[in-house]
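Asks: Below, each chain spelled out in residue letters.
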Amino acid sequence: MSALPKRSALVAFVALAVAVLAVLPHLAEPYYVTLVLPAFAYAIALLGFNLLFGTTGLLSFGHALFVAIGAYSTAVLTSKMGVKSFEAIVLVSGVVAVLAAVPVALLSVRYVRIFFGILTLAFGMLFHSFLFKFYDLTGGDTGIRVLRPTLLGMPFAELDKTAFLIGPFYYACLLLLVLLGLAMWRVVHSPFGLQLVAIRENPRKAEYLGVRVRLFRFLAFLISAFYCAVGGAILAINTGQADPELAYWTHSGELVFMTVLGGFASFFGPLVGAFAFIFLKSELMGATQYWRFFLGATLALIVIGFPRGLMGVASDLWRKACRA
Amino acid sequence: MTSFFDVLLGGVFHASVLFLVAAGLQLVFGVQRIVNLACGSFYALGAYFGITAVNWSTAHGAPAWSFLPVLVLSGVLLGAIGPVIERLLRTVYKRDEAFQLLLTFALVLMFQDVLRFFWGATPQQLGNLSMSYGKLAIGEVSFPTYNVLVMAASIAIAVSLGLFLQRTRYGRILRATAENREMAEALGADVRGIYASVFTLGTVLGTVGGALVVPTAAASLDMPVELVVEAFAVVVIGGLGSMRGAVAGALVVGLTRALAISFYAELEVLAIYVIVIAVLIARPAGLFGKPVE
Amino acid sequence: MNTQRRKILQGIGATGAVLAAQPYLSFPAIAQNKPLRIGIISPKAGVAGTIGECGLRGTMFAVDRINAAGGIAGRKVELIVEEETNPKDSIERLRKLVLQDKVDCVQGIVSSGVSLAMGAVAEEMKALLIFWDGTTQDGVKETMPNPRYVFRSTDNECEAVMGSLLAIKHWKGQFATIAGINPDYSYGRNNFAAFQALLKKFGVEHKVVADQWPKVGTLDLTSHVAALKAAKPDLVFSSLLFADLPVFMKTAHGAGLMDGKTKFVFPAAGFQHTLLKKEFTPEGMLFGHNTLYFNLDNPTPLQKAFVQEYEAKYKDYPHWEADRAYFAMQVYKAGVETAYKAKNAWPGTEDVINAMEGLKVDSLGGPGQMRKDHIAEQTFYQGMTTHKNRYDFATISDVTKMYSDQLQKPAGADFWKWIETAQIKL
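Top to bottom, those sequences are chains A, R and Y.
Residues 1 to 324 in our numbering are what the first sequence lists, from first letter to last.
Residues 1001 to 1293 in our numbering are what the second sequence lists, from first letter to last.
Residues 2001 to 2426 in our numbering are what the third sequence lists, from first letter to last.
Please keep in mind that the hints were generated in silico from the structure rather than gathered at the bench.
Incorrect hints may appear among the rest.
Cut-off 20 Å, straight-line C-alpha distance, at most; resulting in silico cross-link-like pairs (EDC-like, lysine to aspartate or glutamate) [what the hints assert, rightly or not]:
hint	chain 1	residue 1	chain 2	residue 2
1	Y	2401	Y	2297
2	Y	2141	A	136
3	A	161	Y	2089
4	Y	2215	A	136
5	Y	2372	Y	2123
Covered stretches of chain R, as calculated for chain Y (at least 3 residues, CB under 8 Å) [to be verified]:
hint	region
6	1129–1138
7	1192–1201
8	1221–1230
9	1253–1267
Only a predicted model underlies this, so the values are computations on that prediction, with no experimental measurement involved.
We treat Cβ as the ideally placed atom computed from N, Cα and C, and that holds for glycine.
Let the hints inform the model, and build the full structure from the sequences given.
Replies: Right, here's the structure in full:
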């Protein structure tokens, strides 16, 4: 882990970030504010994803599956079952994802490393095919509509969708991010979290020391699924539609990309990565039609030159500044 | 009965092409422990470049029947990018496998635009060249000769690879490096050179696969990301790192798909996933894989 | 290559000629100098990349001509092109175009899934959006029941309806068993279902002996063709329309399925028409070219000029996506100019929308109209394949022309009920 500044400095830094995010809607252009919503969604999703990857050492190439489950749960809840409460949607989507994660995790945690990645990729694509095939249920390629949720029971009907998104919904998501972030911080720094680290560092040794490796991997997997689904719910509400492409394996690849961009070895890395990626992608898409090439080149650059990601670069600079 | 044969042959043809790509994956994984997500990109590159090569050679007077050797040759020539990409991957060998996987994902993204930059968005094809060799008819079953040649080529390559790995000295060194890299290095094997050759060979298998399939199909921009899924299913079923697994997995996937299409068309893609899961539950390491921890 | 993303044509400013043509000036000349910004969202990569490319070429043709003639009501058109990918990312691009680039209009979209999601967002943002394509039957009622800001193209199934009608007209009584091989998504499903519904309506006895649903864009159809062949259908209906179509044609031809005994209906063959080479595309099959058939016997001067320019510039022949794109631009132009004349000042979005409803325009493929319910009417072309042409691919002869008022449901109707109950002429 990179050297962390003192706890009080950390708290101050986080408080500053939250404050900046809180005033952003009043300062920034509306388009960029709408971009922050997917950044929130991915930040939450990646908090969970990195529990599995950064902390436990398991690289999944199929976690878009749970993002999609979150999106589709939201769609079914709002447009087919009339459940509009955002709080209920978040909870139910998370639970559905955890339930779906049980069989996937049971099969996958028997494996490690590369095989785990391949397997999770296959499961993600299985869900993608399922979404296409059972079109009566899932809407096929067109997906399912997602209606506007109510926040704490309030519908904000007087606001149009954009105003709702960059207004009350923005703050609801920010709050959710803070809460889920705090929860994840506790998880990572709990005995459970430390044991996950031990499993990552040396599974056999951890086994010897009495850590129940498979069980803990399994649990980490379930938690990660919950977080990804919450992210998916936010994405779906932002888009207004849940569609199968959310489950495609390249979307899973983007999750990994964001995590590594921010720095998977740091708690805040994935959060930074989510924001950085969303803005990078948007600017690249606007600048050139060959944005995939430059996005890939960026990833290659990070992997080869800056493996600890943006947080790694930041902590290096911080250390240099402290020494100076 | 004839229709059953048609179906079977169709499945085996699909399996032949899948085998080539899977063999490339298995070889590279077996020796270097890298899973190449860009295998589909190489396949697509082989397809597009093959078309360009055939069009070029036809424009320069080559006879119609020469397109098969031209395709194979163009696939082999593309192997030149193998060492280049391997050099790139070499920068992350010492790191966690996750980085290697990610670097190949970066390649997938980059290749998508490279393909579009050179060949554009319109699908490319080779017209009806695959019919130049006519049809083979046994009784009522008729099958384009080209498809049979591809299947034969695939079998030939499988056999050669097998012989190469089992019987030749270099093959044995490769297998030793796959088993235990440090030991092989200590015993004098030029691991760097081996990695470069293995990756190049894996690349060539992919590009040749793409080149061989293009006369009966087309080259399209979504090939790179679509193929990865099937290739991975083959590898999971067959067992990661095993050549025999590549053959077995390819046959299973190809035939399952063909049978599903004939008897219960809706199942097509899902049938393969069902088999993947069934194999994993029954034999976690795949049909021929080594047991994992 | 020539698809620069931004600022294809800069607004240069009103010329004296334009001012002279508009005697009732009562607005600041500065407004006239600003270019009219139009956002285009179309696919560039993947299975629909080639379609988006053709569409964009149609848009650029329209804009070149418009700007050469002085622009739309005197303002030059400036295009901002974004890529259509999946619903989530495409909607972000829409938001960027509307909120950041502040475009006056957005045009584009090929995929049904994206159109459904984007339509709802555009309505909420009160952003004028004109679809090129997309929107099949399912889901539209929920997402866009009464669109105000969104204008849609013709129903996706017009070509299926037309193909079915022509198949019945030409071949009624000549087939008893049918087979379908259609792409596994809403378009393919609805097309085949429409065909069967029409067969039922006209009392054509038929039995479905094979029903194939290859994944969209599948490039290996050997097993599918083998299964079709084994079922021995009298007629095959296929709405395959991407790279899978020429692959199917080749494979079917190679397998002997096209020996003349089986009849083929391809309602949407036009997208890949130049890849359907004569060697493996026999004559006598029913091909649909939707709203643009480039090789008409008596084309309008507009179409002739377009096809010639397209051939010279791109060494290729256009298909109907270019027409859809052109139509969208023309409807917008006509709407703005009509509203401008009526108001004597630059029209707002509401004025343009009101003007566009009911507007008739001439598109590349033929005459068209924007209905009051925001769905387009256009001219459709289908015919029998023939090899009698100067190209290396099959074209069509015996071209039937049908206006979409005979092919698509009227305002407010349900598609399936309409097929059952309406007076559809053969």
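Asks: Three or more residues of the region 1192–1201 of chain R near chain Y by CB distance under 8 Å?
Replies: violated (count 0)
Asks: Taking 20 Å as the top limit, are the C-alpha atoms of residue 161 of chain A and residue 2089 of chain Y close enough?
Replies: Given pair residue 161 of chain A, residue 2089 of chain Y holds - Cα atoms ~17 Å apart, limit 20 Å.
Asks: If you draw a straight line from the CA of residue 2215 of chain Y to the CA of residue 136 of chain A, is it 20 Å or shorter?
Replies: 17 Å, holds
Asks: Next pair to validate is residue 2141 of chain Y with residue 136 of chain A; report whether the Cα-Cα distance is within 20 Å.
Replies: Roughly 16 Å between the alpha carbons, so the hint for residue 2141 of chain Y and residue 136 of chain A holds.
Asks: Quick one: see if chain Y covers the region 1253–1267 of chain R, three-plus residues with Cβ-Cβ under 8 Å.
Replies: Holds, because 6 residues of the region 1253–1267 of chain R bring their Cβ atoms closer than 8 Å to Cβ atoms of chain Y.
Asks: With the threshold set at 20 Å, check whether the alpha-carbon distance from residue 2372 of chain Y to residue 2123 of chain Y stays at or below it.
Replies: 16 Å, holds
Asks: Count residues of the region 1129–1138 of chain R with a Cβ under 8 Å from any Cβ of chain Y, then say if the count reaches three.
Replies: holds (count 3)
Asks: Given the hint that residue 2401 of chain Y pairs with residue 2297 of chain Y, test it: the Cα-Cα distance must not exceed 20 Å.
Replies: Satisfied, since the Cα-Cα distance of roughly 12 Å is no more than 20 Å.
Asks: How does the coverage statement for the region 1221–1230 of chain R fare against chain Y, requiring three or more residues with Cβ below 8 Å from a Cβ of that chain?
Replies: Contact hint for the region 1221–1230 of chain R vs chain Y: holds, 4 residues under 8 Å.
Violated hints amount to a single one, hint 7; each of the other numbered hints is respected by the structure.
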